[in-house]
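The hints should help you fit chain B onto chain A, whose structure is shown.
Number of protein chains: 2
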Amino acid sequence: MCAPVVVESVRRELSRRGFLTAVGAAGIAAAAAPGAAQEKPLRLPKGFRDVVDLTHTFSPRLPVFPSFSPVRIRQRFTIPKDGFFANEVTFDEHTGTHMDAPVHFIANGSTVDRIPADRFVAPLAVISIEPRAAKDADTLVTADDIAAWEKRWGRLSAGAFVAMHCGWDARIGAPDRFLNRDAKGTMHIPGFSEEAARFLARQRDIVGVGVDTLSLDAGAAPKFVAHLELLGAGKYGVELLANLARVPPAGATIVIGGPKHEGGSGGPVRAFALV
Amino acid sequence: MCAPVVVESVRRELSRRGFLTAVGAAGIAAAAAPGAAQEKPLRLPKGFRDVVDLTHTFSPRLPVFPSFSPVRIRQRFTIPKDGFFANEVTFDEHTGTHMDAPVHFIANGSTVDRIPADRFVAPLAVISIEPRAAKDADTLVTADDIAAWEKRWGRLSAGAFVAMHCGWDARIGAPDRFLNRDAKGTMHIPGFSEEAARFLARQRDIVGVGVDTLSLDAGAAPKFVAHLELLGAGKYGVELLANLARVPPAGATIVIGGPKHEGGSGGPVRAFALV
Chain A
0 MCAPVVVESV
10 RRELSRRGFL
20 TAVGAAGIAA
30 AAAPGAAQEK
40 PLRLPKGFRD
50 VVDLTHTFSP
60 RLPVFPSFSP
70 VRIRQRFTIP
80 KDGFFANEVT
90 FDEHTGTHMD
100 APVHFIANGS
110 TVDRIPADRF
120 VAPLAVISIE
130 PRAAKDADTL
140 VTADDIAAWE
150 KRWGRLSAGA
160 FVAMHCGWDA
170 RIGAPDRFLN
180 RDAKGTMHIP
190 GFSEEAARFL
200 ARQRDIVGVG
210 VDTLSLDAGA
220 APKFVAHLEL
230 LGAGKYGVEL
240 LANLARVPPA
250 GATIVIGGPK
260 HEGGSGGPVR
270 AFALV
Chain B
0 MCAPVVVESV
10 RRELSRRGFL
20 TAVGAAGIAA
30 AAAPGAAQEK
40 PLRLPKGFRD
50 VVDLTHTFSP
60 RLPVFPSFSP
70 VRIRQRFTIP
80 KDGFFANEVT
90 FDEHTGTHMD
100 APVHFIANGS
110 TVDRIPADRF
120 VAPLAVISIE
130 PRAAKDADTL
140 VTADDIAAWE
150 KRWGRLSAGA
160 FVAMHCGWDA
170 RIGAPDRFLN
180 RDAKGTMHIP
190 GFSEEAARFL
200 ARQRDIVGVG
210 VDTLSLDAGA
220 APKFVAHLEL
230 LGAGKYGVEL
240 LANLARVPPA
250 GATIVIGGPK
260 HEGGSGGPVR
270 AFALV
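Protein sequence lines, in the order shown, are assigned to chains A and B. The letter at position 41 of the first sequence is residue 40 when you use numbering that gives the first Met the number 0, and the numbering goes up by one with no holes. The letter at position 28 of the second sequence is residue 27 when you use numbering that gives the first Met the number 0, and the numbering goes up by one with no holes.
The following block holds chain A by itself, in its conformation from the complex (with noise of 0.2 Å):
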């Protein structure tokens, strides 16, 4: 390996030109100094170059899972009359790109506000159905697909956040397309497999796990199988995800600004990768 001197010249150079404000001098220090002390993990996002906005415009034309209603924005300060222009919105929890707490499946579960900060800065990992969702939207998300995924980048990292893209989010102006019922009203949306959400519940220490479609489980599925294996475990989901597309399978880092009302079972959410 390169002396530490050699490692603290090129930090200097670097340094002085601005360029790794990234790394602070804690992260050169144990990077030249392995055997070091650290009391906790560095948790360091990738430099980057974009911010993804991985949130649709909520509005009350969004497809919104049966049961919920759209969001209403009400018009209650203008201008000319207040000297300010203010709304007041009203959401059902589980509308427009929002978290599912633990609580929202599994009584005493973890309510939004009490989800630990740290969880939602996250490596996220992006696994990608869509070829296959473009032909059958009954498609699932697989043990083997998880396992192709490590095959190609790497086991999945403690704290890492995992996404489902099936590219359903380029349905989200014809709510119709979106949740793709049949002529007896089932649903027709890709989703996370009983035995993939298990494994990621049960085998891996993930955060959280999201997708482009209005649900953790598949159109079609029975009894809320991946919503209960996730959030039993104790992980939050992200559903309504948009423009995950933009983003690479691994190597982002997705922020979740989640909600934090008391006592929320969910709520919207803004989240970004960076890219």
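Quick caveat, the hints were computed from the structure, so don't treat them as lab data. For glycine and all other residues, C-beta sits at the position ideal for the given N, C-alpha and C. Just to be clear, a hint being listed does not mean it is correct.
Said to hold, decoys possible - If you want a taste of the chain A side facing chain B, the calculated C-beta under 7 Å gives, among others:
| id | residue |
| --- | --- |
| 1 | Thr-54 |
| 2 | Thr-56 |
| 3 | Ala-136 |
Only chain B this time, still in chain A's reference frame:
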């Protein structure tokens, strides 16, 4: 400077041990060849050891600016009855730890959903006036305070977010002390002076400004002068920030999970400092 080959060998060494995942190869390449063309500036968050949550739990007990109502959280679905638990939430946009978009005060100003995503990841400058505010609730962030910060930490960088810390978040559990009204009903709360707001709005290329109070303007300030200067210049505001005492004056990165509802003048955010 070090030869690119040395930089590259250091990069390989560090990467191999996983410490330098903070810096993408592109960043190192740019550093090694300072004259190389660069399509856009690298905006790299510092390596960080902690995620500080700058967000208060959004509850009906938080202080609210006069005119607005506390958030309402109503249980609509329960696990025993529906198989899942979910609430409906109604809020006035300018309650909780929240954003002010330019349109809040400026006709035709940007709405929350139109602010580019990359303006929500920013170098965080914290200007503390806490010692003064402890003695004088009407104290203001002045242009001199900004000059003193810049003398110590360097010129506010393009794309920075500037937060006033006056210690008001310690009063969050006591709305009367937070609003701090006198017998005539006038609030006594620190804020940005008109001069400081004008300087930040016109002389520095910042993205936004935050406070740990409920207004960019001081409680006793006339006519929303700081709001008009800052929002008029296309900056956004974030109010009711928490935990700024845990963030250094310079060097942290703020990520603001801003609201994205259609046409919003503002709304609850989730804000983190990567420290």
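Quick rundown of the hints versus the structure:
The beta carbon of Thr-54 of chain A is positioned within 7 Å of a beta carbon in chain B (closest approach about 5 Å), and the interface hint is therefore held. The closest approach between the C-beta of Thr-56 of chain A and any C-beta of chain B is roughly 5 Å, which is under the 7 Å cut-off, so the hint is satisfied. Hint on Ala-136 of chain A is violated. Least Cβ distance to chain B is approximately 23 Å, over the 7 Å limit.
The structure is inconsistent with hint 3 alone, although it conforms to all the rest.
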